[in-house]
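Student: If you want the building blocks of each chain, they are given just below.
Protein chains: 2
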Amino acid sequence: MDASFIHFTGGQTGAWQVTGMTPVIGPALDAVAAIDLHTATELLPSNGTWTLRGFSSNVRYAEKTEVEQLRAIQSGLGRPEAICAALIPIRKSAAWWALAQDERRQIFEAQSHHTATGLQYLPAIARKLYHCRDIGEPFDFLTWFEYAPMHESAFDALVAALRQSPEWQYVDWEVDIRLTLQA
Amino acid sequence: MDASFIHFTGGQTGAWQVTGMTPVIGPALDAVAAIDLHTATELLPSNGTWTLRGFSSNVRYAEKTEVEQLRAIQSGLGRPEAICAALIPIRKSAAWWALAQDERRQIFEAQSHHTATGLQYLPAIARKLYHCRDIGEPFDFLTWFEYAPMHESAFDALVAALRQSPEWQYVDWEVDIRLTLQA
Numbered sequence: 001m002d003a004s005f006i007h008f009t010g011g012q013t014g015a016w017q018v019t020g021m022t023p024v025i026g027p028a029l030d031a032v033a034a035i036d037l038h039t040a041t042e043l044l045p046s047n048g049t050w051t052l053r054g055f056s057s058n059v060r061y062a063e064k065t066e067v068e069q070l071r072a073i074q075s076g077l078g079r080p081e082a083i084c085a086a087l088i089p090i091r092k093s094a095a096w097w098a099l100a101q102d103e104r105r106q107i108f109e110a111q112s113h114h115t116a117t118g119l120q121y122l123p124a125i126a127r128k129l130y131h132c133r134d135i136g137e138p139f140d141f142l143t144w145f146e147y148a149p150m151h152e153s154a155f156d157a158l159v160a161a162l163r164q165s166p167e168w169q170y171v172d173w174e175v176d177i178r179l180t181l182q183a
Numbered sequence: 184m185d186a187s188f189i190h191f192t193g194g195q196t197g198a199w200q201v202t203g204m205t206p207v208i209g210p211a212l213d214a215v216a217a218i219d220l221h222t223a224t225e226l227l228p229s230n231g232t233w234t235l236r237g238f239s240s241n242v243r244y245a246e247k248t249e250v251e252q253l254r255a256i257q258s259g260l261g262r263p264e265a266i267c268a269a270l271i272p273i274r275k276s277a278a279w280w281a282l283a284q285d286e287r288r289q290i291f292e293a294q295s296h297h298t299a300t301g302l303q304y305l306p307a308i309a310r311k312l313y314h315c316r317d318i319g320e321p322f323d324f325l326t327w328f329e330y331a332p333m334h335e336s337a338f339d340a341l342v343a344a345l346r347q348s349p350e351w352q353y354v355d356w357e358v359d360i361r362l363t364l365q366a
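Protein sequence lines, in the order shown, are assigned to chains A and B. Residues in the first sequence are numbered consecutively from 1, following the numbering used here. Residues in the second sequence are numbered consecutively from 184, following the numbering used here.
Just so you know, these hints were derived from the structure itself, not from any lab. We put the beta carbon where it would ideally sit given N, CA and C, even for glycine. Hints may contain errors.
Pulled a few chain B residues facing chain A out of the computed Cβ check, cut under 7 Å [to be verified]: (1) L226; (2) L227; (3) A283; (4) I318.
Over 10 Å on every C-beta distance to chain A, these chain B residues come out as not near it, computed from the model [to be verified]: (5) A186; (6) S187; (7) D213; (8) T224; (9) S239; (10) E249; (11) R262; (12) L282; (13) I290; (14) Y304; (15) E335; (16) P349; (17) W356.
Residues from chain B that keep clear of chain A, each with C-beta distances beyond 10 Å, as calculated [as the list claims (entries may be wrong)]: (18) G203; (19) T205; (20) D219; (21) S240; (22) V242; (23) L260; (24) A337; (25) A344; (26) R346.
Looking at chain A on its own, in the form it has when it is part of the complex (with noise of 0.2 Å):
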């Protein structure tokens, strides 16, 4: 069976150095030096000062053509030279997940242009999306971005102009966690 879950456990080490911790939306985590991944077919209990768990999935709101857009120049992970990485947790608000398909889609997208703003930013940016809400975990999804030094900026612009969407009014909980790669 495939690794279905992945576990990203801060502590004091790990391959991931923690250059920056800002609660954003919310309270803080507990202050870590590093942060370790681990895939595993089971959830692992908590490891370190704290542990996030979550799995991927298919596609909830991208139609045809954004995902067509996004295969065709989207990057994959662990290339040389993206040795800065962002995990962003996210909560969002009882009111967004009471909302039905099309409603969520139409704030994600018609409104706030989610993937329209993430398009800009690739391949530059390389990002993984990690579903955890219905797992029970405090947050509801562990957002991962991998980019090399000289595209920080453009990753800082990226996450400024999500945050200012309407979306991010349902947002209710979020930790901005910046790294970069062990030498």
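Use these hints to put chain B onto chain A, whose structure you have.
Tutor: Just chain B now, kept in the frame of chain A:
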């Protein structure tokens, strides 16, 4: 933290007595005499002859007007008269999961009228959907239905209608387990 996971454990004993197990598409499940339901905050290991594990989630396809129609007339689980149940685990093909959101929605409702068909059988048939593809389970969905004995033929008509829909061309494993509540 709320109980995030449901566990359907098939074995020799349990709250629901098995009255029939039919492999509709693909292989059978090992025969069991009864099924027990448990909820837990963590995924529990397999127990009994087999354990199927899943979680409930937000709606994935239903639009605002459909959600309102469903909420207005659907029944909850556990009605005293609803002593019949069906557990129907379903797996969809890789081709289904590679589709974008709008393509899946098109097949699900515009072509197959999944929600519209189900609405015709409310409030007699109570239903609950559990997801399990994302947690590495053998099936993608565990669908659970409860109804009074007088509505068994209506339930048969409902599943027959769905099995003839275009959506079901993407179903590659389905087992139909019928149950009655132990007196």
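Student: Taking the hints in turn, state whether each one holds.
Tutor: Tested hints:
About 6 Å separates the beta-carbon of L226 of chain B from the nearest beta-carbon of chain A, less than 7 Å, and the hint is met. Taking 7 Å as the C-beta cut-off, the interface hint given for L227 of chain B is violated, the closest approach to chain A being about 10 Å. With a cut of 7 Å, the hint placing A283 of chain B at the interface with chain A holds, because the nearest CB-to-CB distance is about 4 Å. Interface restraint check for I318 of chain B: the shortest CB-CB distance to chain A comes to about 6 Å, inside 7 Å, so the restraint holds.
Non-interface call for A186 of chain B relative to chain A: violated, since the shortest CB-CB distance, roughly 8 Å, does not exceed 10 Å. At roughly 3 Å from the closest C-beta of chain A, the C-beta of S187 of chain B falls inside 10 Å, breaking its exclusion from the interface. Annotated as non-interface, D213 of chain B keeps its C-beta farther than 10 Å from every C-beta of chain A; the closest such distance is 18 Å. A cut-off of 10 Å between C-beta atoms contradicts the statement that T224 of chain B is not in contact with chain A; the least separation is 6 Å.
With a closest Cβ-Cβ approach of about 8 Å to chain A, S239 of chain B is found to fall inside the 10 Å limit, against its non-interface label. At roughly 7 Å from the closest C-beta of chain A, the C-beta of E249 of chain B falls inside 10 Å, breaking its exclusion from the interface. For R262 of chain B, the condition that its CB be more than 10 Å from all CB atoms of chain A holds, with the nearest at approximately 24 Å. At roughly 8 Å, the least C-beta separation between L282 of chain B and chain A is not larger than 10 Å, which violates its mark as non-interface.
Listed as a non-interface residue, I290 of chain B keeps its Cβ farther than 10 Å from every Cβ of chain A; the least gap is roughly 12 Å. With 10 Å as the threshold on Cβ separation, the claim that Y304 of chain B sits away from chain A holds: the shortest Cβ distance comes to roughly 21 Å. Listed as outside the interface, E335 of chain B is consistent with that label: its C-beta sits roughly 31 Å from the nearest C-beta of chain A, beyond the 10 Å cut-off. With a least beta-carbon separation of about 17 Å from chain A, P349 of chain B lies farther than 10 Å from that chain, consistent with its non-interface assignment.
The Cβ of W356 of chain B lies farther than 10 Å from every Cβ of chain A, with a closest approach of about 15 Å, so its non-interface assignment holds. Distance to chain A confirms G203 of chain B as a non-interface residue, since its nearest Cβ pair spans about 29 Å, more than 10 Å. Listed as a non-interface residue, T205 of chain B keeps its Cβ farther than 10 Å from every Cβ of chain A; the least gap is roughly 26 Å. At roughly 21 Å, the least C-beta separation between D219 of chain B and chain A is larger than 10 Å, which holds for a residue marked as non-interface.
Not every C-beta of chain A lies more than 10 Å from that of S240 of chain B, the closest at about 5 Å, which undercuts listing it as non-interface. Annotated as non-interface, V242 of chain B brings its C-beta within 10 Å of a C-beta of chain A; the closest such distance is 6 Å. Every C-beta of chain A lies more than 10 Å from that of L260 of chain B, the closest at about 19 Å, which supports listing it as non-interface. For A337 of chain B, the non-interface assignment is confirmed: its Cβ lies about 26 Å from the closest Cβ of chain A, beyond the 10 Å cut-off.
Separation of A344 of chain B from chain A is adequate, the least Cβ-Cβ distance of about 22 Å exceeding the 10 Å criterion. Every CB of chain A is more than 10 Å from the CB of R346 of chain B (nearest about 23 Å), matching its label as outside the interface.
Comparing the model with each earlier hint shows violations of hints 2, 5, 6, 8, 9, 10, 12, 21 and 22; every other hint is respected.
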